[in-house]
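Chemist: Now for the letters of each chain:
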Amino acid sequence: MTNVPSDTVSQGSTAVEIEKSPVLEKGYIGQSIPRREDKRLVQGLGTFFDDVRRHGMGYVHFVRSPYAHAKIISIDVSRALELDGVYGTITGDEVAIHTDPFFEMSVEPGANIKDYALAVGRVRHSGEPVAAVCAATRELARDAADLVEVEYDPLPVLVDAGESLKDETVLHDDAGSNTVWSGVFDWGDVDQALAEADHVVKIERLHFHRFSSTPLECAGALVEYDKGTAEWTLHCNHQMPGVGAIWMAPALRTGIDKLRFVTQDIGGGFGNKICLHPQYVVLCLLARKLGRPVQWTEWRTDQHTANAHGNERTFMDIEVGVMADGTMTGFKVKALDDCGAFPRYEPLGCIIWAQVTPGMYGWRNIRVDFTQVCTNKSPVSPNRGYSRMQHLWLTERIIDIVATELDLDPVEIRKKNYVKTEQMPYETPNGCFYDSGDYAAALDIALELIDHGSIEDRRKDAAARGKLLGFGIGSTLDSGTNNFGQSTLLNPDLQFSGNNEAASVKLDIFGEVVVTLGTVPQGQGHETTAAQVVADILGCPPEQVNVRRGHDTWFNSHAGFSGTYASQFAFTGLGAVKGAAELVRDDMVQLAAAVLQAPVEAIELADGFARIKDGPEEAALPFMALGAIVNANNAFLPPDFNPTLNHRYVCRPYFGMVDTEKKTGQLTLTYATQIHAAVVEIDPETGVVDVVDYAAVDDCGIRINPQIVEGQVHGATTHALGAALSEEFVYDEEGTLLTSNFYDYHVPHALDMPPLKTGSMESPSPVAPLGAKGMGEGGGGGIHCVCAAIQDALGAAGKAIVYTSCNPPHRVWSMLQDPESTRANVSVVSK
Amino acid sequence: MDVTAPARSRTIAVDVNGEAIEYEVPARRLLVHFIRDDLGLTGTHVGCDTGNCGACTVHVDGAAVKSCMLLAVQADGTRIATVEGLSSEGELTALQRSFNEHHALQCGYCTPGMLMSATALLEQNPHPSEDEVRIALQGNICRCTGYVNIVEAVVAVGEGA
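First to last, the protein sequences are chains A and B.
Taken in order, the first sequence gives residues 12 to 842; the numbers are from my numbering.
Taken in order, the second sequence gives residues 2 to 162; the numbers are from my numbering.
Hint data in this document are derived by calculation from the structure and do not stem from the laboratory.
Be careful, since some hints might not be right.
[Said to hold, decoys possible] Pair ranges (Cβ atoms, derived): (1) Glu242/A with Ser10/B: 33 to 43 Å; (2) Asp39/B with Ser89/A: 51 to 61 Å; (3) Glu242/A with Ala28/B: 56 to 66 Å.
[As the list claims (entries may be wrong)] If you want the footprint, here are the derived chain A segments under chain B, 3+ residues with CB under 8 Å: (4) 55 to 61; (5) 714 to 722; (6) 759 to 771.
[Claimed, not checked] Lysine to aspartate or glutamate pairs mimicking EDC-like chemistry, simulated, CA-CA at most 16 Å apart: (7) Lys50/A with Glu23/B; (8) Lys82/A with Glu162/A; (9) Lys673/A with Asp380/A; (10) Lys213/A with Asp328/A; (11) Lys82/A with Asp184/A; (12) Lys50/A with Asp132/B; (13) Lys50/A with Glu92/B; (14) Lys50/A with Glu90/B; (15) Lys768/A with Glu153/B.
Glycine included, C-beta positions come from ideal geometry on N, C-alpha and C.
Could you build the full structure based on these sequences and the hints that come with them?
Modeler: Written out as structure tokens, the structure is:
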């Protein structure tokens with residue numbers, strides 16, 4: 012009997028199916044089983060990091076810079092220390108003594124940036140922590156922080172990436188330039204494609220704005236230090252602790268095993284809880300310095316001001332080649348990405364977009380000249396749809412601007428240029444493989460859901476009411492399971508490649524099946540879906556499977572890239588669960604065969620029993636018997652037979668190596684499809700956009716739990732609608748954030764949401780262990796289709812071109828007043 | 002004793018989920034921090050510092066109230082209900098079961114506040130329409146679900162589904 016589950020892998024430049032792992036026959040997989048997490052959460056019995064208490068713990072408050080850019084002349088903590096109940100403080104100078112700067116992933120000049128856990132000598136964005144105070148209560152810590160006196164000498168402020176590029180003011184003297192990373196990606200022959208095109212559509216500038224998913228639970232941790240073993244335990248909400256530890260341990264000059272990350276329930280993440288290492292290092296230092304557990308809960312204002320924004324990106328000098336029949340042959344663009352004051356997870360955003368280089372289209376010739384700079388704004392971090400969303404917005408804007416300018420139908424131009432289902436698996440110009448899907452069919456479902464045939468009638472009806480009606484499509488790919496080797500396309504010296512995730516499964520004495528996940532769920536329902544998979548493999552009801560909550564480094568069920576990010580749970584997370592469950596299953600079958608004195612082929616696991624197929628009723632062992640034999644009653648087992656019923660499995664998807672010269676390679680493994688369609692009505696008096704009809708179609712291959720999939724679609728769509736219509740981090744010229752709380756940064760409320768219609772398809776992934784593609788990040792489609800719908804609606808009022816991804820009323824109103832200035836942004840050269 | 006100096010703390014008497022409690026609290030302590038930190042009822046959450054998000058919603062004398070917008074001393078003499086009190090006998094309420102059945106929660110952080118707002122609505126209006134539910138929940142932010150399933154879950158309870 013083989014113990015190792017087979018994987019289907021892709022190799023080098025062509026997808027090769029080595030041995031297809033059969034998609035499990037649908038049992039519990041595929042059912043919308045209500046989530047098991049809910050029972051505790053609806054009773055208020057979840058455990059979030061802020062719920063964890065320790066005797067003698069101190070509360071931490073950060074002292075933050077009011078300036079966006081300034082030298083720190085002095086910091087005086089003496090008045091804070093005089094307060095009764097203040098346990099201690101820490102400043103940037105101490106951090107510089109006791110830690111090393113975090114490692115940077117860029118080549119020079121970005122490589123030379125020094126990023127410490129607290130500001131050292133200089134602040135580079137408003138809200139940057141310069142010191143921290145620890146005290147007996149939350150209130151006292153905040154009071155004491157107010158007593159810390161910091162003298163600043165303000166410096167010129169950069170809030171515009173274009174200005175940063177000039178290097179007249181430089182944020183990081185060690186780097187000598189504001190440029191973090193710069194490079195050209197050139198696939199096919201774009202110059203020839205443009206020369207041969209019947210039309211070249213030129214767009215001067217498009218801007219993808221700054222926002223983030225703003226999880227409702229802010230960041231934080233309770234950190235304990237064990238002086239005897241020199242180990243830290245972080246009760247926290249870091250969503251990617253594997254990589255968090257890789258940042259933190261060298262900075263703290265300790266081994267990676269000295270950092271234990273424990274998560275339980277996490278109140279949303281969306282990527283925004285990946286870059287918490289600076290604050291966590293401060294907590295580690297304070298816990299060690301003060302000899303007591305220390306706790307920090309971020310304030311909402313601080314999360315908005317200084318934690319994690321999504322990448323802001325400007326696209327310039329776009330040229331698109333279009334043939335007379337509407338076929339698009341290629342495009343070129345200069346992309347300028349603004350990562351804020353420190354790169355942190357960057358410059359990975361300079362390559363992650365390349366997972367979806369041609370979007371959903373057959374473009375073979377693409378040149379992207381990409382530059383990333385620092386500005387005096389909050390650092391960025393991955394944000395749902397990270398880096399791909401920006402690029403897909405570009406491709407969708409190109410499609411709709413071309414359609415508007417050449418008077419082509421947005422549906423037909425898409426269908427003509429989409430990668431076709433018969434081309435799957437489709438190799439993109441940069442060596443990625445779109446694994447499966449039928450984009451045109453998904454679009455048809457969306458069109459039917461919003462009754463596309465009635466649009467012109469509805470447009471007339473709206474016009475009669477004084478409203479401008481518009482219709483738009485957003486097509487996106489949710490690329491899942493990162494190949495970290497793509498980082499070497501930015502910096503060939505980086506020692507990252509591939510991916511991995513771990514899980515363990517055991518059968519315990521009384522027959523309980525216990526599963527431990529390396530993943531770090533924040534609401535995705537992993538406890539439920541993992542139980543469904545294990546139940547199908549072991550032949551028991553999911554209720555018999557106990558999936559432990561959260562992540563704990565000490566459970567040894569984690570791997571270097573453990574975490575929940577990059578739409579990969581369905582591949583690596585469940586792949587690891589499946590692998591471990593199959594190892595336990597094999598143990599159980601062999602044990603049952605030995606006990607029942609039957610060949611292994613005759614044993615089946617079903618209904619919570621190991622039994623002889625078609626055998627007598629008594630030829631069956633309950634799981635409890637198997638668990639008890641191995642764990643507590645094993646003397647009779649022969650010496651050469653030692654089943655453990657306890658297995659760890661690491662799912663390591665095969666990517667092959669990337670080509671750092673050509674900048675090609677398999678950058679990710681699965682591609683889920685989303686087609687969104689919106690109908691909007693604009694009030695021309697006010698510019699208010701009302702989304703009156705909306706459909707989201709998702710194809711993520713096999714759906715383990717369709718209800719959970721649909722919930723992710725709803726959530727991602729809502730993020731997109733918020734981003735498209737209101738959510739924006741707006742800075743004034745002094746670098747002060749004007750939208751630092753939920754008053755000014757308006758996220759959708761229940762009354763803001765249009766009725767959402769959802770549709771689905773299942774194009775199983777030929778490469779994923781369960782045929783299931785990662786999903787949940789495909790919400791960018793909502794931004795694209797709302798932008799398209801607004802542009803369509805404005806067609807009757809001067810034909811403005813939508814040039815930015817965020818269109819609140821004042822911006823739409825401006826486009827209505829002065830459409831010509833937006834039209835000056837585009838031109839067409841025809842043969 | 003300086004009688005002109007403001008009191009720094011006060012003893013309050015409250016009924017919390019049916020239990021009479023007397024507690025000396027700092028005068029400036031927010032009700033939500035009293036509930037979470039002093040009483041250890043951590044089901045009530047904090048999601049913002051401006052009263053926008055509603056994760057801290059509890060009932061004060063039967064009305065849904067954002068507990069970050071009140072001082073603990075202002076609640077003196079009141080009857081407070083938190084999410085932990087909804088199913089104190091271990092039996093989930095119809096609304097809690099409906100949230101589970103309709104997948105009305107993902108991370109679960111906003112859920113206690115949603116449940117308290119929706120419970121208050123259902124007590125006033127046992128058969129709310131979808132619009133009435135959306136109006137009642139407009140003070141509660143959810144960043145995961147898009148509200149679709151939350152609204153469905155509340156409406157379904159009113160329909161007796």
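Chemist: Now tell me, hint by hint, if it's right for this structure.
Modeler: Against the structure, the hints:
1. Our hint of 33 to 43 Å for Glu242/A and Ser10/B holds, since their Cβ atoms are close to 38 Å apart.
2. In this structure the supplied range 51 to 61 Å is violated for Asp39/B paired with Ser89/A, their Cβ-Cβ distance being about 31 Å.
3. For the hinted restraint 56 to 66 Å between Glu242/A and Ala28/B, the CB-CB distance of approximately 40 Å leaves it violated.
4. Check on the stretch 55 to 61 of chain A: 6 of its residues sit with their Cβ under 8 Å from a Cβ of chain B, so the three-residue criterion for coverage holds.
5. Counting residues of the stretch 714 to 722 of chain A whose beta carbon lies closer than 8 Å to any beta carbon of chain B gives 4, which reaches the threshold of three, so the coverage claim holds.
6. Under the rule that three or more residues need a Cβ within less than 8 Å of chain B, the assignment of the stretch 759 to 771 of chain A holds, with 6 such residues.
7. Using a Cα cut-off of 16 Å, the hinted pair Lys50/A and Glu23/B is violated, with the two alpha carbons roughly 31 Å apart.
8. At roughly 9 Å between alpha-carbon atoms, Lys82/A and Glu162/A fall within 16 Å of each other, so this suggested pair holds.
9. The suggested pairing of Lys673/A with Asp380/A holds, with an alpha-carbon distance near 14 Å, which does not exceed 16 Å.
10. Simply put, Lys213/A and Asp328/A have alpha-carbon atoms about 7 Å apart, close enough for the 16 Å limit, and the pair holds.
11. Our distance criterion of 16 Å between C-alpha atoms is met by Lys82/A and Asp184/A, whose separation comes to about 12 Å.
12. Of the supplied pair hints, the one linking Lys50/A and Asp132/B is violated, its CA atoms being roughly 27 Å apart against a limit of 16 Å.
13. Distance hint between Lys50/A and Glu92/B is fulfilled; the C-alpha atoms sit about 10 Å from each other, no more than 16 Å.
14. A hinted pair counts as satisfied when its Cα atoms are at most 16 Å apart, and Lys50/A with Glu90/B qualifies at roughly 14 Å.
15. Taking the CA atoms of Lys768/A and Glu153/B, the gap is near 14 Å; set against the 16 Å cutoff, the hint holds.
The structure does not agree with the numbered hints 2, 3, 7, 12 stated previously, though it agrees with the rest.
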